[in-house]
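Got chain Z sorted already, so can you dock chain W onto it with the hints?
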Amino acid sequence: MARRPDSAQRLASRAVQIAFLAGVFVLWYCATNFWGVNHLLLPNPVAVFDQLVDVLKSGEYLPDLRVTATEFATAFVLATTTGMVVGFFVSLSRYWVRVFEPLFAGIYSIPIILFLPLYVLFFGLGPASKIGLGTTIAFFPIVLSTIAGFSNVDRTLVKAARSMGASNYQLFRYVLVPAALPVILTGLRMGFTVALLSILGSETIASLAGLGHHIVQLAEAMEMSRMFAYIVFVVAIATLLNVTVSYFEARGRRLG
Amino acid sequence: MTSIQSSGLATSARPRESVDPALDSRLRGNERKMTARRFLLRHPGIVRLGVVILLLVLWEIAARTFVDPMFISPPSRVFTSLGTVLGTDGVPNALRLTFFELAVAFAIAVVIGLALGLAIGLQPFARRSFMPIVLLVYGMPQITILPLFILAFGIGPASKIAFGVTHGVFPIVVTVVAGVQNLKPILLTSARSMGASRWQILRWVIFPHMIPSFFAGMRLGMSGVLLGVLLAELYVSTAGIGHFTTMFTETFEPTKLFGLIAMLAAMAIVLNEIVRRAENHFSRWR
Chain Z
1 MARRPDSAQR
11 LASRAVQIAF
21 LAGVFVLWYC
31 ATNFWGVNHL
41 LLPNPVAVFD
51 QLVDVLKSGE
61 YLPDLRVTAT
71 EFATAFVLAT
81 TTGMVVGFFV
91 SLSRYWVRVF
101 EPLFAGIYSI
111 PIILFLPLYV
121 LFFGLGPASK
131 IGLGTTIAFF
141 PIVLSTIAGF
151 SNVDRTLVKA
161 ARSMGASNYQ
171 LFRYVLVPAA
181 LPVILTGLRM
191 GFTVALLSIL
201 GSETIASLAG
211 LGHHIVQLAE
221 AMEMSRMFAY
231 IVFVVAIATL
241 LNVTVSYFEA
251 RGRRLG
Chain W
1 MTSIQSSGLA
11 TSARPRESVD
21 PALDSRLRGN
31 ERKMTARRFL
41 LRHPGIVRLG
51 VVILLLVLWE
61 IAARTFVDPM
71 FISPPSRVFT
81 SLGTVLGTDG
91 VPNALRLTFF
101 ELAVAFAIAV
111 VIGLALGLAI
121 GLQPFARRSF
131 MPIVLLVYGM
141 PQITILPLFI
151 LAFGIGPASK
161 IAFGVTHGVF
171 PIVVTVVAGV
181 QNLKPILLTS
191 ARSMGASRWQ
201 ILRWVIFPHM
211 IPSFFAGMRL
221 GMSGVLLGVL
231 LAELYVSTAG
241 IGHFTTMFTE
251 TFEPTKLFGL
261 IAMLAAMAIV
271 LNEIVRRAEN
281 HFSRWR
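The listed protein sequences derive, respectively, from chains Z and W.
Note that the numbering used here has the first sequence beginning at 1, numbered continuously upward.
Note that the numbering used here has the second sequence beginning at 1, numbered continuously upward.
Hints listed in this document are in silico derivations from the structure and should not be mistaken for laboratory results.
For every residue, glycine included, the Cβ atom is placed at its ideal position computed from N, Cα and C.
Treat each hint with caution, since some may be false.
[To be verified] Cβ pair distances, simulated, as ranges:
no.	chain 1	residue 1	chain 2	residue 2	range
1	W	Ile53	Z	Lys57	31 to 37 Å
2	Z	Thr244	W	Pro185	45 to 51 Å
3	W	Ile186	Z	Arg173	43 to 49 Å
4	Z	Val77	W	Gly139	32 to 38 Å
5	Z	Lys57	W	Gly139	47 to 53 Å
6	W	Phe66	Z	Ala128	15 to 21 Å
7	W	Val137	Z	Phe248	42 to 48 Å
8	W	Ser76	Z	Arg251	47 to 53 Å
9	Z	Leu21	W	Thr251	29 to 35 Å
10	Z	Leu21	W	Phe282	42 to 48 Å
11	Z	Ala128	W	Ser76	38 to 44 Å
12	Z	Val77	W	Pro124	40 to 46 Å
13	W	Asn93	Z	Ala12	50 to 56 Å
14	Z	Val16	W	Pro185	22 to 28 Å
[What the hints assert, rightly or not] Covered by chain W, per the in silico footprint, the following chain Z stretches (three or more residues, Cβ under 8 Å):
no.	segment
15	7-13
16	17-27
17	52-60
18	64-71
19	124-133
20	148-159
21	212-218
If we strip away everything but chain Z, and leave its shape as in the complex, we get (with noise of 0.2 Å):
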C-alpha cells in the first residue's frame, strides 16, 4: 500500500490479466466446440467475430445507432441544461439548498425506471418517451451535484474577490466556476452514464428502433450469434464514450 509496486509485479499483474481474459475466451471456445454447450445459449465465438464484421461492414446498424445517439444525445443536452440551471439557482441561497437538496436526493434514491410505463403512457413508443426518461433520470445527478459544487464554494474567497471589487460576472466567472466545476463534472459524468443506461435499458423494454430495440429483435428471432456481435458493438461504443468522458472530466478538473 505504501510501496509503490515495483516493474516486475506490474508485469507480473498485467499477465494475469490478460491470462484471465484469454482464459475466459479459451473456456467459451472448449464449451462451444467441444462440451456440447447449446448454441441457443452462447454461440461460437467465431461465429460472433464473424457477424461483427459482417454487422460493421453492411453498415446496418447506422439507422439504430442514428436513433439511439438522437435520444441520447436530447436527453443529456435536456438534463445538463434544466439540472446546471435549477442547481445553480438553487445554490444562490443557502436556504433554498436546505429545502431542496433532500427533496431531490430523496427522489433520487428512487429506482425512476419504475416510471418507465407512465412515460410510454404519455410519450408513446417512440424515441419522445426515451428522452423523457433519460432526461428525468440523469437530471438528479447533475442538479445534485450543481448545488453541492456552488453552495460549498469557500465564502472566504467569495468575500476577498468581493471586497478587491470583483462583479457579479467576475465573481461567477472566476470564482465560483472555478471553485465548483470539479464537483459538478463529477455530476455530469454520472448524468452522462445513467443516460445511456436508461437510454439504453427503455430500448430494450418498450420501442419501436434503436441499438437496444434490435438487440431484443435479434434474441426473439433467436441469431444468438449476430446478437453477440451487436452487444459486443454497443458495449464497446458505451466504454468507448465513458473512456472520452472520464478523461474529459479528468482534464476538466485539472483546468479548473
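Chain W alone, transformed into the frame defined by chain Z:
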C-alpha cells in the same frame, strides 16, 4: 441572516415608549410576521412539504381539467383507489413475488460481493490484477445482455434474481475493496508486531474498519438490485409487477398504474431507508 438582523431591529424597538399606537400595532404585526418567517427559516422541511403539496395540487388540477383522463389520473383518485389495486386479482401476489425476488437477489449479491471483495482486496497483488477487470465489467451497460438472462433462466423469477444479483454485486465488491484498501498500514503492522494471528487481524483490525464501507456498499448494492430486478420485471414477466404495469398501460387504466407504481416506489424507499439507517448506525463508531 436577514431574519436575525430584522428581529434584532424589532426587539430594540420594543422597550421604547409608545408614542403612536397605530405605529405600535404595526410594529407588533411586523413582529408576528417576523416570527412566522423565522419559524419557516428554521424549519425548511415544512417549506419542502409545501413544495410537494403544491406539485400534487397542480397535478390534481391538471388531471381534472385539461389533460386526457386516458393518460393521467388525479392523485386523490389514485390514493383512494389503492385498495382496488390491491384487490385486483394477482396484484398482492405480484407484490409479494417482487419483494421475494428483491430479497433473494440482495442476499446473494451481498454474500458474493463480500467474498469477492475480500478475496480481491486483501491481497495487493490480486487487487492490482483483478480490480481493472472488475471495473471494466462494472462499467458495461448490462442491460444489453438482459435477453440472455431470459434465455438462460427463463421468464420466471430466476432471471430477475440473476439480473438483480449481477447489478448488485459490483458496487459491493468495489466498496469492500476500497474499504480494505483504506486501512492504515500502521494498524496492521502494529497488530502483527504485537503477535496477532491472521485470524485475529481479520477479526479485530480489518473487520471493524471494513464495516462502514461494507454498509455503504450494501446501500449501493441495494439500488443496483432494485434497478436490475425492476428492469427485468418490466422487460418480461408472467406473474410479477411487470406483468401488471404492462397490462394497465395497455388497457389505459392510469389510476391503477399510478397506484401500483406508487406502491413499488414506497417499497423501494423503505428498502433504501433500511439500508441507509443501517449504514449510519454501523459507521458511527469512527
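Results of checking the hints against the structure:
1. W:Ile53 - Z:Lys57: 31 to 37 Å: 58 Å, violated
2. Z:Thr244 - W:Pro185: 45 to 51 Å: 36 Å, violated
3. W:Ile186 - Z:Arg173: 43 to 49 Å: This hint holds: roughly 45 Å between Cβ atoms.
4. Z:Val77 - W:Gly139: 32 to 38 Å: 23 Å, violated
5. Z:Lys57 - W:Gly139: 47 to 53 Å: 27 Å, violated
6. W:Phe66 - Z:Ala128: 15 to 21 Å: The hint (15 to 21 Å, Cβ to Cβ) holds, given that phenylalanine 66 of chain W and alanine 128 of chain Z are roughly 19 Å apart.
7. W:Val137 - Z:Phe248: 42 to 48 Å: About 23 Å separates the Cβ atoms of valine 137 of chain W and phenylalanine 248 of chain Z, which means 42 to 48 Å is violated.
8. W:Ser76 - Z:Arg251: 47 to 53 Å: 51 Å, holds
9. Z:Leu21 - W:Thr251: 29 to 35 Å: 48 Å, violated
10. Z:Leu21 - W:Phe282: 42 to 48 Å: 37 Å, violated
11. Z:Ala128 - W:Ser76: 38 to 44 Å: 28 Å, violated
12. Z:Val77 - W:Pro124: 40 to 46 Å: 43 Å, holds
13. W:Asn93 - Z:Ala12: 50 to 56 Å: Holds, since asparagine 93 of chain W and alanine 12 of chain Z (Cβ atoms, about 54 Å apart) stay within the stated range.
14. Z:Val16 - W:Pro185: 22 to 28 Å: Given range 22 to 28 Å: holds, Cβ gap about 23 Å.
15. 7-13: Our answer is that it holds, as 4 residues pass the Cβ test (under 8 Å) against chain W, meeting three.
16. 17-27: It holds: at least three residues are needed, and the segment 17-27 of chain Z offers 3 whose Cβ sits within less than 8 Å of chain W.
17. 52-60: violated (count 0)
18. 64-71: violated (count 0)
19. 124-133: Three-residue rule not met by the segment 124-133 of chain Z, so violated; n is 0.
20. 148-159: Result for this restraint: violated, n = 0.
21. 212-218: holds (count 3)
Checked against the numbered hints above, the structure violates hints 1, 2, 4, 5, 7, 9, 10, 11, 17, 18, 19 and 20; every other hint is satisfied.
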